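Novice: Each chain is listed here by its residues.
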Amino acid sequence: MPPRPLWLTLRGSKNRNDDEYMPAQPLEKLSFEDALTELETIVRDLETGKAPLEKSIEMYERGTALKKHCESKLRDAQAKIEKITVQQDGSVKTEPLDPEE
Amino acid sequence: MAESKTAQSNVPEFSVSDLAFSLKKTLEETFGHVRIRGELGRVTIPRSGHLYTNLKDEDASIDAVCWKGVLSKLSIKPEEGLEVIVTGRVSSYPASSKYQIIIESMELAGEGALLKMLEERRKKLAAEGLFAPERKQKLPFLPRTIGVVTSPTGAVIRDILHRLADRFPRDVLLWPVMVQGDGAAEQIAAAINGFQTLGDHGLPRPDVLIVGRGGGSLEDLMPFNEEIVVRAVADSTIPVISAVGHETDTTLIDYVADLRAPTPTGAAEMAVPRRGDLIAQIAESEGRMVGAVNRMLSDGHNKLEARSGRLGDPAKLLEVHTQKLDHIGDKIGRIFDSYLGLKKHKLIEFSAKLRDPSNLLREAAQRLERWDDQLKALTPRIVGNFEKRLEHAEKMLEAYSFENVLQRGFAVVQKADGTLITGAEQTTLGQQVQLRFKENKSVDATIGAGANVEKPPSKPKKSKEKKTDQHSLF
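Taken in sequence, the protein lines are chains L and H. All the letters of the first sequence, read from the start, carry residue numbers 1089 to 1189 under the working numbering. All the letters of the second sequence, read from the start, carry residue numbers 35 to 508 under the working numbering.
Be careful, since some hints might not be right.
As the list claims (entries may be wrong) - A few chain H residues facing chain L, derived, Cβ under 7 Å:
{"id": "1", "residue": "Phe175"}
{"id": "2", "residue": "Trp209"}
{"id": "3", "residue": "Met212"}
{"id": "4", "residue": "Gln214"}
{"id": "5", "residue": "Pro238"}
{"id": "6", "residue": "Gly310"}
{"id": "7", "residue": "Ile313"}
Rather than coming from a laboratory, the hints here were simulated on the basis of the structure. These numbers come from a predicted model, not from an experiment. Ideal placement from N, C-alpha and C gives every residue a C-beta, glycine not left out.
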C-alpha cells in the first residue's frame, strides 16, 4: 500500500476511505525516529505541494512541533555509565563504572 | 630350556605390586612431560567430573584422562574426533597396569583442525536456522540504554564509550565478563541472558546489546564460537551487535548476531546515529519546510496578484472614471456656460428688440382710436349705399313677384305636396291639385279629362306638410 499523503494522515485515520478522523499521535508518545520520519514526510509533502494551503499551515505547525520534539530528544544526551554486579543470591545491581580504572 | 632355568633362578623375584608400581614409576620418570598429537576418541565425563577418553592415530591408541580441576581450565572443549595436541605425563593405573596419559593441557592441533571444527559447528547451527536472515532484529534508531558484554578492563569498553561520547552519549550498562579462557563462554552467555530480564530487577532493559572483545588468537576468540554463546544470542529479544576481534576474525557469534561490527568502535557507530547529523538533518528539514511553506505562500500571493492584476486596481479604475467624469463635467460646464452665454447674448439681443408692452398698448389704443375715427367717418357712406341697394332690390323683387302675376288674374297649380305643375304632362286623371290665386288664397281642384293617363306616384301626406315650406321658398 502506498503511503497516504500526510495531510490525510495528519489527524490519523483508521483506513484510507474512513472519513472519521482520530486525533494525531501525541508528541510525548512519539519516538525520536517516528517523529523524524513524520517530519520528513511533512517536508516531502509540503515540497511537492500536495496539500491544500490551509492543510499546509496545519502541517507546518505539526512539523514545527515535531522538530521541537526531536530537538528535545537530542538534547537529552546525558550518559550514565554503569556496570552490573551479580550478588551472591543472584540479584543484580548496578554501580558506576570508571572504564579508565 | 636349561639355560633359561638357570637364568630364572638368577633373576630377582618381584611381587606383582612391586612390578606394577615400578613400571608406573619408570613410565612417569621416562614420560613425565610429553606432547602428543592425536585424535580424541569417545569422551566420557562421569559424575566424578573427570574426563576419560583416548588419543589415537591410524595405528595406535592410548587411554587418556583429564582430572576435573584441569578440565575446567582447558581453552577448548574436548569433543570426539578433535585433532588435539595434549601435554601431560604418561602413567599407569596399578590396579590393572594399564597405562594412560594424564592430560595437563589440551589445544587443537593446528588452525586447520580448529577451523574445520568450527565449520562443522557452524553448519550444524545453521541447519537449525539460527543464522537465518529472517531471525535478524532491526536495531532501534536511537537506543536509550546500551548493554555491553565484555571485559570491564581493556580497550573494548573504552573504545565503545569514547565513540558513543563522540556520536551520541547514551546510558551504558556494562555486564563485566571474562572474554577468554576457562568459563568465559558461560559468563558471556549468562550476561546476554541476564540482560533480557533486567527489567525484573528494576533496572532499565537495554535497547541494544554489544557483545565483544578485542583481537586475539583463534584460541583467544574461542568463547565466542561456543554453542552456549551462539544460542544465547539467538534467544536474545534485544538486538545484538557482535564485535569480536579484528575485522578479519570471524567467530560464530558474528553469524547469529543481528549485526556484525568489525570492531568495538564500529559497534558503537552502529548502535547510535551521529547526534550532529541529526541536528543538521532536523535543521535541514525545518529549513525545507519553511521554504516550502514560504514558496507556497508566495505562489499563492503571486497567483492572487496575477488575478487581481487582471481585475484591475479599483482605485485606478475609479481614477480613470473620475477623470473621465471630471473631464465630462468640465466639458459640460463649459458647454453649459457657453450655451448660457449664447442664450444670454440672445436674450439681451431679443430683449433689446422687445418693446415696452405699455407702449405697445398705447400705440394699439391710438391705432384703434384712429381706426375707430375712420370707421365712424365711413359709416354713413356704407350704410347709405346699402339702403339704396336694398330699395332697388325691393323694387326688383316686387316687379318679378308671381303675386303681381296673380294680381293680374293668373293662378298657380300645385301638387298636394306644393310642387308646381308647369305642364299638362305632369297631371294625372283624378289628381288632387291646388289652385292658388292672388292674396295667397287657394282652392282644391281635381284634374279631369286630358290629363296624363299615367298616375304619377303619389306622395300623399308629406305634400301638405311641405306646402308651407314650399311657400316660404317664395
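Novice: Taking the hints in turn, state whether each one holds.
Specialist: Hints, one by one, checked against the model:
no. : hint   : result
1   : Phe175 : holds (3 Å)
2   : Trp209 : holds (5 Å)
3   : Met212 : violated (13 Å)
4   : Gln214 : violated (19 Å)
5   : Pro238 : violated (9 Å)
6   : Gly310 : violated (9 Å)
7   : Ile313 : holds (6 Å)
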